[in-house]
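There are 2 protein chains.
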Amino acid sequence: MKNFSIFKTTAKVFNDYPTYSRILFLFTVSSGGMVAYSEYQTGRGPQNIENKHMEPKKKKMVVLGTGWAGISFIKDLDPSIYDVKVVSPRNYFAFTPLLPSVTCGTVEARSVVEPIRNILKKRTGEIKFCEAECTKIDLANKKIHCKSTFENGPVPHRDFSLEFDYLVIAVGAQANTFNTPGVSEHCHFLKEVEDAQRIRRSVIDCFEQAALPDLSEEEKRKNLHFVVVGGGPTGVEFAAELHDYIVEDLVKLYPGVKELVKITVIQSGDHILNTFDERISMFAEKKFSRDGIELLTGCRVVNVSDNLITMNVKAIGKVHDVPYGMVVWSTGVGTRPIVRDFMEQIGQGHRHVLATDEWLRVKGCDDVFAIGDCASVDQRKIIDDITMIFAAADKDKSGTLSVQEFQDVIDDILVRYPQVDLYLKSHHMKDLRDLLRDAEGNEMEVDIEGFKSALLHVDSQMKSLPATAQVAAQQGIYLSRCFNRLDECKANPEGPRRFRGSGRHTFLPFRYKHFGQFAPLGGEQTAAELPGDWVSMGYSTQWLWYSVYASKQVSWRTRTLVVSDWIRRSIFGRDSSRI
Amino acid sequence: MKNFSIFKTTAKVFNDYPTYSRILFLFTVSSGGMVAYSEYQTGRGPQNIENKHMEPKKKKMVVLGTGWAGISFIKDLDPSIYDVKVVSPRNYFAFTPLLPSVTCGTVEARSVVEPIRNILKKRTGEIKFCEAECTKIDLANKKIHCKSTFENGPVPHRDFSLEFDYLVIAVGAQANTFNTPGVSEHCHFLKEVEDAQRIRRSVIDCFEQAALPDLSEEEKRKNLHFVVVGGGPTGVEFAAELHDYIVEDLVKLYPGVKELVKITVIQSGDHILNTFDERISMFAEKKFSRDGIELLTGCRVVNVSDNLITMNVKAIGKVHDVPYGMVVWSTGVGTRPIVRDFMEQIGQGHRHVLATDEWLRVKGCDDVFAIGDCASVDQRKIIDDITMIFAAADKDKSGTLSVQEFQDVIDDILVRYPQVDLYLKSHHMKDLRDLLRDAEGNEMEVDIEGFKSALLHVDSQMKSLPATAQVAAQQGIYLSRCFNRLDECKANPEGPRRFRGSGRHTFLPFRYKHFGQFAPLGGEQTAAELPGDWVSMGYSTQWLWYSVYASKQVSWRTRTLVVSDWIRRSIFGRDSSRI
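Those protein sequence lines, which keep their order, are chains R and V. Using my numbering, read the first sequence as starting at 1 and increasing by one per residue. Using my numbering, read the second sequence as starting at 1001 and increasing by one per residue.
Heads up, a few of these hints could be off.
Taking lysine-lysine and the DSS-like style, the derived pairs with C-alpha atoms no more than 30 Å apart in a straight line are [to be verified]:
1) V/Lys1142 - R/Lys262
2) V/Lys1057 - V/Lys1191
3) V/Lys1513 - V/Lys1490
4) V/Lys1075 - V/Lys1059
5) R/Lys425 - R/Lys463
6) V/Lys1085 - V/Lys1058
7) V/Lys1121 - R/Lys262
8) V/Lys1513 - R/Lys252
9) V/Lys1452 - V/Lys1381
10) R/Lys252 - V/Lys1121
11) V/Lys1287 - V/Lys1258
12) V/Lys1381 - V/Lys1430
13) R/Lys252 - V/Lys1075
14) V/Lys1425 - V/Lys1513
15) R/Lys258 - V/Lys1147
16) V/Lys1381 - V/Lys1363
17) V/Lys1057 - R/Lys252
18) V/Lys1058 - V/Lys1381
19) R/Lys258 - V/Lys1121
20) V/Lys1262 - R/Lys85
21) V/Lys1085 - V/Lys1430
22) V/Lys1262 - R/Lys147
23) V/Lys1060 - V/Lys1143
24) V/Lys1258 - R/Lys58
25) R/Lys85 - V/Lys1252
26) V/Lys1258 - R/Lys128
27) V/Lys1258 - R/Lys85
28) R/Lys121 - R/Lys136
29) R/Lys147 - R/Lys85
30) R/Lys58 - V/Lys1252
31) V/Lys1128 - R/Lys258
32) R/Lys395 - R/Lys425
33) R/Lys252 - V/Lys1058
34) R/Lys314 - R/Lys363
Not the full set, but computed from the structure, chain R residues with beta-carbon under 8 Å of chain V [claimed, not checked]:
35) Asn91
36) Val113
37) Lys121
38) Arg158
39) Tyr166
40) Ile204
Simulated from the structure, these hints should not be mistaken for lab results. Being a predicted model, the structure only gives us computed values, none of them experimental. Beta carbons are placed, not taken as given, at the ideal position from N, Cα and C, and that holds for glycine.
Model the full structure from these sequences, guided by the hints.
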C-alpha cells in the first residue's frame, strides 16, 4: 500500500487542476505497475542456490489462505529457509476491493483474480500449493487436516494431513448474519468472487423476471426492488454500482422499468459510511438522495423470508415488512468454522476473531500466527505493566522516577505501547515527558502512584484495527519479514526491551499505517478519506481511485485487464448476458 | 457468412505471401466489422412509423430459441408486419464456434455472448423477449406453454402461455449420448457456454487434484488423463485447444506433470474429421500424433463409470477399460424434449429432428416453421413427382417428351429439385437436356418410362444438411426474408411451378450455400475446407481463421473483446484461476 503515501499531494493536485487527472492517471498506472513489478522481482534469486544443502534443516511452514494476508505473506517469504505449503480452497488471489464492480460487470471476475501458482511461479519448487480446505487444526500434534474441494472428477474428495512447525492462519472471515433468520437462505453476500458472479446473474434475473408477460405492476415493483442491508463501504459501493448499471445500461434494454425499479439501503446506525469522516457520510447521503436510492437508517433487519424483509424501525419502535426482488447482506465479518473450532481448542471460544499479540502470534500458541480478517491484535495495556515499567525505569531503586530516569525507557514504551503516541497526539503533547510535568510545566519526580495516574488514561486510545485489505496486506508483509530474519534477529534482537522479563523482544511489534480509504459513490464520483483530517470528494477523486486501484493490482495481467475493462465499459457499457 | 466467398483468393494470397497475413488480418477484422455493422443498420427505419395504424391486423409470431437460427431470423425480420415474441431460456446469443476456445480460456465466455436485448435494442418495443423455456407446443390451440427458469428470487417459477399465428422453432439440439450408460452423469458436453465454463474449471480441478500430497504416480496419471469422445470438428478442436493450454501454460505452473498428462481422442470411425476432405483428416491425424495426442479409432464407448471408460475395440473385438480424469462427450446432436414431444404430436415420432419442406415449414403443420439443428429439410424426390412433371411438360399430350418440351420445365425442375444440379455436376453434364441424349449425343424423344429411367439415379445425390452454424444462419435469414415479403409474394409468386397442383410456389425454396469450414488443430495451425475441392492447411490458415471469426462476430463489442482476448492470451497466456 505504499502508493497511498502520495495521496495527499496527488489528490490536492487533482482537485486544483482536474484537467491533469487523465495524464496523471496514465502515469500512475504505469509507474504503479513498475513498483509492483520491481516488488515482484525482489525476494527471489540467490537464496535458491543454497537450497539443497539446507534441505534437512528446513522447518515446515503451513500457510492457510490465499487472500490479502496470505498472499502478502507468501510473496515476500524466503523459501530457502522454510519448507512452505500453502493450503486454500481457492487456487487464486482475488483483488477484493473491486468485487462490487464485478457484481455489475464494470470489471470482469477474471480481471480481478490471479492464480496462486502464477504468483509463486518461479519458486513453485519450494513453495507448494494445495487446493483444499483445512477442516481441523490439531495443535497438540502440530498437524492440520484437509479435504479437497473438487466438485466433480473421479476422486471427488480426498482427505490428507500436513505437519507443521509454524502455522500461519490467514483464512479470512465469512459474512456475519448475526443469526438473523432467513439470511443464509435468501440473501446474497459479497465476500467471494463467486458471490459477485451470483449477484450479477441475480440482478439480470430480476429484470428478466419483471419483463415476463402477465405480471401486475405490483409484482414488477417487487421484482425490481433491490435491497442492500448494511451501510458500510461494501454495501454503499454495491448500491452505487447497481444504480449506475441500471441507469446507464439496463433501462435502455428493459423498456418501461425505469419507473418501477428501486434501490434501498438499510442501515442499523443513524448514518451510512459511519466509519468514515462525517463529511463523507453527508456527501454520500446527499448523493444517494439525489440518485433516488432510498436510505432507511435506524432500521435493524430481524427476519428475511422468501419475499419479505422484516425490520425493526427504531424511530417508531415497530416492525415493518418490505417486499423485495433481491437482497445483498453486507454487515461485517463473521467467524469461519475452522477458526471457531481452533478458538475453542485454545480457550478463545468467547471471541469472534483470533486474538494475537503485537507480533501477530496467536495468544497461547507458540508457533501459530494469525493475520488478516480472522485475527485481531490484542494490544497490551500499559496499565497492566505499569509496575514493571516503573521498576525497570527506577534504576536507583529510589521508589520515585525522575524525568531523567523516565527518558531511558521512553523509546521502548513508545514502540511497545502505540496507544501512548496516540494519547500524546490527542492531547497535543509533543513528548512523553510532558506527562511528568505539573500544571506549570515543571518536571516532577513521581512515585508509583503518581506514575500510574499520569498514564491512567493512555489505554483509552487503544483501537482495534479494521477488517480491511490494507491491514491484512501490511500484516502479511510484516510477518514474512520477521520470518525471513528470524535467525538474524534472534542473535540481535531489534524489538523493545521486555519490561516483564529480561532482554529485548526479537522483533519490533507490528504497527499499522493507515494510508486512507475510498468510498466510490457511483456516477464517476468517489469520496476518499486520507491520513490526517484530509478528505477528497467528487469526480477527480474517482480518477485518483482509478489510478490507485490500477497500480495496486497484483500482476501486469490483471492490471491490463482491469484497465481495459474500464475502457470497454465506457465504450460499450456493461454486458447483461446472464452467464 | 458472406465473407467466406473471399476465401479462395484470400487463402491463396495467405499461402503465397504469408508475411502479408497480419496486415490482411487487421484489414479483414475492420472491414468485416463494417459489413456486420451495415447489416445491423439495415432492416430498421421507416417501417416503424406506420406501426400504430397496422396494430390490429398484425399476426402473432412466436420464435423459440436465440441461437444461430433464431437470431439470424429475428435480426432481419420486419417487426412492423408481425407482433413478435421471442422465448428462450438464455437471454443472450452465443457465438458457438468459439466455445472450444472458451473451454481453455483462450477466449473468455463473456466475449462470445451478446445479450438478445442488445441485438433487438432499438426495436424492443416491437419484438418482445421472454427469458423462459417452452415446455409444450399446443398445435391444436395454437399456443405454447412456457416456464420461467430463474434460479432464485422471490418468484422462482412462473408458468405462462403465448398464442401464435406463426411459430418458428429454432431451439437447437442437445448432446446425443446414444443412451450410453453413465454419459449424462460423468461426461462433460460442449453445447452451451455454461458447458465450456464447467470444462474449464474441471481441467484445472484435474491438475490441482494431481498436485495434492500423497498421490501415487498411477493416481496422478489417472487424474491427468483427458478423454474426448468423438472425432468431429468440436471434439478435435477441443483436444487441440487443451493440448495448447497444457503445453503453453499449465506445465509451467504445475511442475512435474508434463510426463504424466495425456489426451486421448476416441472415435468410432476409422478417421477423425471424417466429414472433412481426406487430406485434412490425414493432416490432423499426423499433427495429433506429433503432439502426442492419442487417437483411438474404431472404438465405441459402451459405458462410462465414475472413473473408467469402457469401450468396444473393433479391431480386437473386445471391450477395454481406461481410467480417466475428465471426459468430454462430443458425438453429434440429439433431440430436445420439447421437439421430441412436438414430433410425437404431429406423427414424426420416429425421427430425431423435425422434418420440414423445402420452404422450412414443418411437414404437416401449416403455420409452424423449424430452422437450425432441430430441423432438417426433407427434400422431395424427383422420382415421386415424375409422372406429374412428365404430364406438365408434355404439352401436346402426345405421351412422349421432346427436348423442346422438356426445355420449358428445366428451370423449374432445377429450382425445385436441387439434387438434379448435383447429379449433372457429378456426371460432368452441362445441361439437363443431356439426360435426353443417346450414346451418340443425339436428342431423343422419351416416353414416361424413358423419362423415369433417365432421371432414376438423380435422387441418389440428395444429402441432408449438416448441423452447423452456417446452415442455421442461412435458414434464419431465408425465412425472415420470406416473412418480410409474404404479402408481396402471395400476389406475385416467385417460386417454381407446382407440378402437383396449379400455379407457382410463393417463394423460391431454401437453398444452402456452403462457404467452407475450419478445423483448428492447435499450435497456431488450422485446416480449412473451401467450396470446390480446395483445401488450406497450416499457420497461414490460422490467420485466415482469426480474421473470419473476428469479422463474423455479432457486435462490435464482442469483436473487440474476442480480438483483445487473443492478444491478451499471446502476451499473458491463459488464466488458470478456478472461477
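Checked hints:
For the suggested pair V/Lys1142 and R/Lys262, the alpha carbons sit about 38 Å apart, so the restraint of at most 30 Å is broken. Between V/Lys1057 and V/Lys1191 the CA atoms are separated by roughly 39 Å; this puts the pair beyond 30 Å, and the hint is violated. Distance check on the hinted pair: V/Lys1513 and V/Lys1490 sit about 25 Å apart at the alpha-carbon level, within 30 Å; holds. Between V/Lys1075 and V/Lys1059 the CA atoms are separated by roughly 18 Å; this keeps the pair inside 30 Å, and the hint holds.
The hinted pair formed by R/Lys425 and R/Lys463 meets the criterion: a straight-line CA distance of about 14 Å does not exceed 30 Å. A distance of roughly 12 Å separates the Cα atoms of V/Lys1085 and V/Lys1058; the hinted pair therefore holds under the 30 Å criterion. For the suggested pair V/Lys1121 and R/Lys262, the alpha carbons sit about 23 Å apart, so the restraint of at most 30 Å is met. Distance restraint check for V/Lys1513 and R/Lys252: the Cα-Cα separation of roughly 37 Å exceeds the 30 Å cut-off, and the hinted pair is therefore not satisfied.
Taken as a hint, the V/Lys1452 and V/Lys1381 pair is honoured in the structure, with Cα atoms around 12 Å apart against an allowance of 30 Å. Using a Cα cut-off of 30 Å, the hinted pair R/Lys252 and V/Lys1121 holds, with the two alpha carbons roughly 8 Å apart. Restraint check: the Cα-Cα separation between V/Lys1287 and V/Lys1258 comes to about 19 Å, which is no more than 30 Å; the hinted pair holds. About 21 Å separates the Cα atoms of V/Lys1381 and V/Lys1430, which keeps this hinted pair within 30 Å; it holds.
For the given pair, R/Lys252 sits about 18 Å from V/Lys1075 by alpha-carbon distance, which is consistent with the 30 Å threshold. Taking the CA atoms of V/Lys1425 and V/Lys1513, the gap is about 16 Å. The hint holds against a cut of 30 Å. Distance restraint check for R/Lys258 and V/Lys1147: the Cα-Cα separation of roughly 25 Å lies within the 30 Å cut-off, and the hinted pair is therefore satisfied. Simply put, V/Lys1381 and V/Lys1363 have alpha-carbon atoms about 15 Å apart, close enough for the 30 Å limit, and the pair holds.
Using a Cα cut-off of 30 Å, the hinted pair V/Lys1057 and R/Lys252 holds, with the two alpha carbons roughly 28 Å apart. For the given pair, V/Lys1058 sits about 36 Å from V/Lys1381 by alpha-carbon distance, which is inconsistent with the 30 Å threshold. As the CA atoms of R/Lys258 and V/Lys1121 are separated by approximately 16 Å, the hinted pair is consistent with the 30 Å bound. For a cut-off of 30 Å, the pair hint linking V/Lys1262 to R/Lys85 stands: about 27 Å separates their Cα positions.
For the suggested pair V/Lys1085 and V/Lys1430, the alpha carbons sit about 47 Å apart, so the restraint of at most 30 Å is broken. Restraint check: the Cα-Cα separation between V/Lys1262 and R/Lys147 comes to about 26 Å, which is no more than 30 Å; the hinted pair holds. Note on V/Lys1060 and V/Lys1143: the hinted pairing holds, with a Cα-Cα distance of about 11 Å set against a maximum of 30 Å. Of the supplied pair hints, the one linking V/Lys1258 and R/Lys58 holds, its CA atoms being roughly 28 Å apart against a limit of 30 Å.
Of the supplied pair hints, the one linking R/Lys85 and V/Lys1252 holds, its CA atoms being roughly 18 Å apart against a limit of 30 Å. As the CA atoms of V/Lys1258 and R/Lys128 are separated by approximately 17 Å, the hinted pair is consistent with the 30 Å bound. With a CA separation close to 21 Å, the supplied pair V/Lys1258 and R/Lys85 stays within the 30 Å bound. At most 30 Å may separate the alpha-carbon atoms for a hinted pair to count; R/Lys121 and R/Lys136 meet this at roughly 28 Å.
At most 30 Å may separate the alpha-carbon atoms for a hinted pair to count; R/Lys147 and R/Lys85 meet this at roughly 15 Å. About 25 Å separates the Cα atoms of R/Lys58 and V/Lys1252, which keeps this hinted pair within 30 Å; it holds. Between V/Lys1128 and R/Lys258 the alpha-carbon distance is near 17 Å, which keeps this suggested pair within the 30 Å criterion. Taking the CA atoms of R/Lys395 and R/Lys425, the gap is near 28 Å; set against the 30 Å cutoff, the hint holds.
For the given pair, R/Lys252 sits about 25 Å from V/Lys1058 by alpha-carbon distance, which is consistent with the 30 Å threshold. For the hint pairing R/Lys314 with R/Lys363, the CA-to-CA distance comes to about 39 Å; that exceeds 30 Å, so the pair is violated. At about 5 Å, the closest approach between the beta carbon of R/Asn91 and any beta carbon in chain V falls short of 8 Å, and the interface hint on this residue holds. For the restraint placing R/Val113 at the interface with chain V, the shortest Cβ-Cβ distance is roughly 4 Å, inside the 8 Å limit, so the hint holds.
For R/Lys121, the suggested interface contact is upheld, since its CB lies about 7 Å from the closest CB of chain V, less than 8 Å. Hint on R/Arg158 holds. Least Cβ distance to chain V is approximately 6 Å, under the 8 Å limit. Hint status for R/Tyr166: violated, given a least beta-carbon distance of 18 Å to chain V, over 8 Å. The closest approach between the C-beta of R/Ile204 and any C-beta of chain V is roughly 7 Å, which is under the 8 Å cut-off, so the hint is satisfied.
Violated hints, in rising order: 1, 2, 8, 18, 21, 34, 39; the structure is consistent with all others.
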